[in-house]
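Using the sequences and the hints, build the whole thing.
Take 1 as the starting number for the sequence shown in the UniProt record's numbering and just add one per residue.
Source of the hints: derived by calculation from the structure; they are not laboratory data. Take these hints with a grain of salt, some might be off.
As the list claims (entries may be wrong) - Simulated restraints on C-beta separations:
| # | residue 1 | residue 2 | range |
| --- | --- | --- | --- |
| 1 | GLU39 | MET1 | 25 to 33 Å |
| 2 | LEU68 | ASP20 | 14 to 22 Å |
| 3 | ARG13 | ASP75 | 17 to 25 Å |
| 4 | GLY96 | LEU50 | 20 to 28 Å |
We put the beta carbon where it would ideally sit given N, CA and C, even for glycine.
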Amino acid sequence: MPLDAEIYAAESRLRAAMLDGDAEALEALLSAELILTDEAGRSVSRDEELAEFHARRLRLELVEVEDLQVRMLGDTAIAWLRVRMQGRHLGHGVAGHYAITRVWHRGAEGWQVEAEHCSAIDL
Numbered sequence: 001m002p003l004d005a006e007i008y009a010a011e012s013r014l015r016a017a018m019l020d021g022d023a024e025a026l027e028a029l030l031s032a033e034l035i036l037t038d039e040a041g042r043s044v045s046r047d048e049e050l051a052e053f054h055a056r057r058l059r060l061e062l063v064e065v066e067d068l069q070v071r072m073l074g075d076t077a078i079a080w081l082r083v084r085m086q087g088r089h090l091g092h093g094v095a096g097h098y099a100i101t102r103v104w105h106r107g108a109e110g111w112q113v114e115a116e117h118c119s120a121i122d123l
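Right, here's the structure in full:
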């Protein structure tokens, strides 16, 4: 399988885990050293992100990928996505379009997200 196809497959697994609220699958896909910047500009650790799913505080009903581009750099990949998301956070409805950049790295655990930046966008 070409390396970029592996990233498209990893993105698909990540999306499915988010929609299913599968914290164990997310844990396997997110590096322990994850650096995540959310749409409000806050820095979020992997443990903080996983806690949202473990506690079911974040429940996504829709994660629709409108665009996905991948650039391979050896054992590292940059994925740029434009997505539409909808769900509930802390009981409140949330929805919007987002631009997401993820840095994937292939190590001993396979492909994992090392860094992510998410920005809310207007279309």
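The hints, checked one at a time:
no. : hint                      : in the structure
1   : GLU39 x MET1: 25 to 33 Å  : holds, 32 Å
2   : LEU68 x ASP20: 14 to 22 Å : holds, 19 Å
3   : ARG13 x ASP75: 17 to 25 Å : holds, 18 Å
4   : GLY96 x LEU50: 20 to 28 Å : holds, 22 Å
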